[in-house]
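Asker: Line by line, the protein sequences give chains A and H. Quick note on numbering: the first sequence equals residues 1 to 418 in UniProt numbering. Quick note on numbering: the second sequence equals residues 1 to 418 in UniProt numbering.
Any given hint could turn out to be false.
Said to hold, decoys possible - In the DSS-like style, the derived pairs of lysine-lysine whose C-alpha atoms are separated by at most 27 Å in a straight line are:
hint, chain 1, residue 1, chain 2, residue 2
1, H, Lys279, H, Lys15
2, H, Lys58, H, Lys28
3, H, Lys294, H, Lys279
4, H, Lys226, A, Lys15
5, A, Lys111, H, Lys279
6, A, Lys11, H, Lys226
7, H, Lys193, A, Lys193
8, A, Lys193, A, Lys15
9, A, Lys226, H, Lys193
10, A, Lys74, A, Lys11
11, A, Lys111, H, Lys226
12, H, Lys300, H, Lys11
13, H, Lys28, H, Lys11
14, A, Lys226, H, Lys15
15, H, Lys235, H, Lys300
16, A, Lys279, A, Lys294
17, H, Lys28, A, Lys226
18, A, Lys52, A, Lys193
19, H, Lys11, A, Lys226
20, H, Lys111, A, Lys193
21, H, Lys226, H, Lys193
The hints are simulated quantities; they were obtained by calculation from the structure and are not laboratory data.
Each chain, written out:
Protein chains: 2
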Amino acid sequence: MTQFNMAENAKLVRKASRIVAQLTTSQKNHLLTTMAQAIEDASDVIITENAKDIQAGKDKGLSDAMLDRLLLTKQRIVDIADAIREIVTLADPVGNIANLALRPNGMQVGKMRIPLGVIAMIYESRPNVTAEAAALCIKSGNAVILRGGSEAIYSNVALANCLHQVLENQGIDKNIVSVIPDTSREIINELLKQRDSIDLVIPRGGEGLIRYVTENSQIPVIQHFKGVCHLYIDKYADLTKAVNILVNGKTQRPSACNSIETLLIHQEIVEEFLPLAAKALADSAQVKIHACEKSLPYFKDATLATTDDYHAEYLAQEIAVKIVDSFNDGLDHINEYSSDHTEVIVSQDTSRTQQFVRAINSSVVMINASSRFSDGGQLGLGSEIGISTSKLHAYGPMGLSSLTTEKFVVIGDGQVRD
Amino acid sequence: MTQFNMAENAKLVRKASRIVAQLTTSQKNHLLTTMAQAIEDASDVIITENAKDIQAGKDKGLSDAMLDRLLLTKQRIVDIADAIREIVTLADPVGNIANLALRPNGMQVGKMRIPLGVIAMIYESRPNVTAEAAALCIKSGNAVILRGGSEAIYSNVALANCLHQVLENQGIDKNIVSVIPDTSREIINELLKQRDSIDLVIPRGGEGLIRYVTENSQIPVIQHFKGVCHLYIDKYADLTKAVNILVNGKTQRPSACNSIETLLIHQEIVEEFLPLAAKALADSAQVKIHACEKSLPYFKDATLATTDDYHAEYLAQEIAVKIVDSFNDGLDHINEYSSDHTEVIVSQDTSRTQQFVRAINSSVVMINASSRFSDGGQLGLGSEIGISTSKLHAYGPMGLSSLTTEKFVVIGDGQVRD
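Please work from the sequences and hints to get the whole structure.
Answerer: Spelled out as C-alpha cells, the structure:
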C-alpha cells in the first residue's frame, strides 16, 4: 500500500461534500436504499473479509466480548441494511426554514438548515458503525471520513467497497464516503489538523480515545466521556414508580451509558423505600451494592462506598447508594459528580420536580421515567449518531439535525441601510 | 501584583456560574439596570483611569485611529450604559421549551434552553466590550471571564470595579464577572487549557489573535477570521437596485466586516450595468477599483486585479471587480473565495435567487438587499456578541441565544423501558 495522504484525501472529501449537499431528499433516499441492498447482496464477501478480522483478533488474544462485537453474521448484515432503511424513513432536516420573520423595512429573515460539510468519525471495533454513520451523514447532506480501528479493517473496507460501488453506478463522486485504510495513530494526528477541510470530529469508543482526540484536535469535537447517571428518590416519591425506575435503570442493560450508577435517597423516605429497593435489586439481578454508612444496614453483602464509587461508571450490575439529608443535598451531590449525561428525579411533588429540572443542567433531565429512555431513538430523534456531554453545538443524544447547522437567509426587494 | 492563578480563577468563575444560571429574568434585569447606572455614575473615575491608557498608548506611539478606539468620553460612557439598558429590553432565552412532544408511551419530551456556563472573551482595545460582553453573558445566565488587551487595562479594570461594586451591594458572587488583570500572552495559553471550567472562548480582534486562539485552545472557539463579502449582479438584475446595493454595501461603512469586497457581474448585463456602477462608485466615494481584464476599460484609474485581490478584505474604499461568463461561474468564484460571511445576489429571476440560496452556504445569504444588514441588530437578534464564520454551534451573527444550549427534559409518570 502506498502511503496514505490525509491532507489530500480530506481535500477531495471537502470537494465532494458540495455534491452531497445539493442532492434532493429523493436522490439521497434512493442512494441509501440501493446501498442497503448492496450490503445485503455482498454478505458472502463481507463475511469472508470479516473472518480475517476475527482470525487476527483471536491471534491478538482479544476477549470473547470484543470478538463478539467484531463478528458479522448473515443476520447482523441484514440488521445493518435495515438500519440504513430506517434512516431512509427519517425526515430530511436540510433546507427547512423554521420561521421567516418580517423586519420593519420589509426584508424577510429566516434560518435555513444546511449540512455541516465534512464529518470525521473515529471509532473502535463494531464494523456496523461504518455503514450506519455513512448513511446518517449522507441523509443529512454531509460527506464523511471514517477512521475505524485496526481490529475491523477488513470488514470496514469490505463495507466501504459496497458503498463505493453504488456511488460509482449512480455516477456520484465516491469521495463523499472515505474510509481511511491507515490504522496508525499518526493518521489520527494528521486528520485532527485538517480544519480547512473537516467541520466536525465525532470519536466513539473508550474514554482514552475521546480524551486523546479532544486534546489533539484543531477541529471541533463531540465529546462523550462517560455516563454517571443519578436517580434521586425524593421524600414525596411514589414507591412503586421509584422501585420500577430503579430496577429498569440499573438492570435492563447495565452496559449502556444511560444506566443508573448512583442512587440517592431522601432521608425521610429511607425506611419505606430502601427495604423494597434492596429486595428488588437482589431479586432481579443480584446487583452489587456500594452503600454509604447510613444505608449499609439495609443491604446484604454491601460494601462501604468511597468517593471513587460516586465517580464510577460501573457498566455492570453494580450501584452506589447514598442517603441525602435534604433535596438540596441531593442537587449538590449530582452537581458535583455529574457527567452531564442523564439524571432522574422520582417525586410526586410538582415544586420539587420543577426545581430539579431547573437546577440540574445535565444533557437529559427526567421526571418519573427510566434513564434508559435517554437515547436518540427513544426520545424521538430517529437513529442516533452519538451522545454529546459537552454543551457546544449539540448536547445529549444527537440525531440527524445535530449533523446540520443554520445559515441566515435574507429576502429583500432592494433594501439598503440608512 | 501577586501572580494571577488562571486555573484557580476559572474554578471560582465556574462555581459562580451556577448562581447566575439560577437568577430569574427580573433579577438579571435589575442587576443590569443597576450596573448601567453605576457606570454612568462612575464616569469621572473611569475617564481618569482611561487617561492612563491613552497616555501609555501615546508613549507607545499608537496610531490616532487606535487611540480614538481606546478613548472614553462622558458621551461614550453614556453610550455604554445605554447599550446595557438595551440588553435589559431583550427577551431572555433561558428556560424556554420550544416544543413538548408526546411519545407513544405517554412521556413528554422537550428541549429547554440553558446557559452555556462560563464564557471567556479575549479581545483587543475597545473598552466598551468589557461592559457589553459582561451584560450579554449575564442576561443569558452565563458567568464571564474577560481578558482585554494591555492597551486598555486601566479602563477595563475601572469598568469591572463598577460591575463588582453592584454585585457586592446585591449580595451576588462577584466571580460571575472576572476581569483578568494579567495582560501577558502566557495567561491566554493558561486560559485556553481550562476546559473543565470554561465552556466557550470568543476571541474578538485581528486575524492573528483569532488564529492563535484557535490553534492553541482545548476549549471550543467561535471563529471569525474575516469578511470577504461578494455581491453578484445577475443578468436579470434590476439595475437601480443593483447600483444602490453596491454603493451601500461598499461605501456606507467600509471598515465593517459586512462591507462588499468583491463585485461579480454576469457578462450579459455588463454593458448596461458597469457604466452606472463606475459612475456611482466614483461619485459617492472615489472607490479604488481592482478590475479583471474585461472590466478594466469601464473604469478610470483602475488597476488590474490579481488573485490576492479576490482574497482581500480591504476594509476601505476599495473593491475587486470580475465579469463572470455564467451564473455557475459566479457560484464557483464565491465558493472558492468565500470567507463564509455574507454573499448577495441581485436578480429578479426567482429560479436564480432560489438556486443561489441553496448553492451558497455562507453564514448569511441575501437576495436583493445590502450586505450591510448582516448584523445581529439588523437581522432582529438584538445586541450582537460576535459573528461566527465556522459552522459549529453558531453560524453568522450571534445574539443572546447563541450563548445558550438546549438540554432534553423528559416528563414521565413512571414509564420504564421494555
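Asker: Does each hint hold? Answer for all of them.
Answerer: Outcome of the hint check:
Distance hint between Lys279(H) and Lys15(H) is unfulfilled; the C-alpha atoms sit about 60 Å from each other, more than 27 Å. For the hint pairing Lys58(H) with Lys28(H), the CA-to-CA distance comes to about 39 Å; that exceeds 27 Å, so the pair is violated. Proximity of Lys294(H) to Lys279(H) is assessed by CA-CA distance (about 17 Å); at most 27 Å being required, the pair is judged to hold. Pair hint Lys226(H) plus Lys15(A) holds up; C-alpha atoms about 22 Å apart against a cutoff of 27 Å.
Taking the CA atoms of Lys111(A) and Lys279(H), the gap is near 36 Å; set against the 27 Å cutoff, the hint is violated. The hinted pair formed by Lys11(A) and Lys226(H) meets the criterion: a straight-line CA distance of about 22 Å does not exceed 27 Å. For the hint linking Lys193(H) to Lys193(A), the alpha-carbon distance of about 18 Å falls within 27 Å, and the restraint holds. A distance of roughly 17 Å separates the Cα atoms of Lys193(A) and Lys15(A); the hinted pair therefore holds under the 27 Å criterion.
Only pairs whose Cα atoms come within 27 Å are accepted, and Lys226(A) paired with Lys193(H) is accepted, the gap being roughly 21 Å. Between Lys74(A) and Lys11(A), the direct Cα distance comes to roughly 36 Å. Violation of the 27 Å bound is thereby established for this hinted pair. For the given pair, Lys111(A) sits about 21 Å from Lys226(H) by alpha-carbon distance, which is consistent with the 27 Å threshold. This hinted pair does not check out: Lys300(H) and Lys11(H) have alpha carbons roughly 61 Å apart, beyond 27 Å.
Only pairs whose Cα atoms come within 27 Å are accepted, and Lys28(H) paired with Lys11(H) is accepted, the gap being roughly 22 Å. With a C-alpha separation of about 22 Å, the suggested pairing of Lys226(A) with Lys15(H) holds against the 27 Å cut-off. The hinted pair formed by Lys235(H) and Lys300(H) meets the criterion: a straight-line CA distance of about 24 Å does not exceed 27 Å. As the CA atoms of Lys279(A) and Lys294(A) are separated by approximately 17 Å, the hinted pair is consistent with the 27 Å bound.
Taking the CA atoms of Lys28(H) and Lys226(A), the gap is near 34 Å; set against the 27 Å cutoff, the hint is violated. With a CA separation close to 32 Å, the supplied pair Lys52(A) and Lys193(A) exceeds the 27 Å bound. At most 27 Å may separate the alpha-carbon atoms for a hinted pair to count; Lys11(H) and Lys226(A) meet this at roughly 22 Å. Proximity of Lys111(H) to Lys193(A) is assessed by CA-CA distance (about 33 Å); at most 27 Å being required, the pair is judged violated.
Pair hint Lys226(H) plus Lys193(H) holds up; C-alpha atoms about 25 Å apart against a cutoff of 27 Å.
Checked against the numbered hints above, the structure violates hints 1, 2, 5, 10, 12, 17, 18 and 20; every other hint is satisfied.
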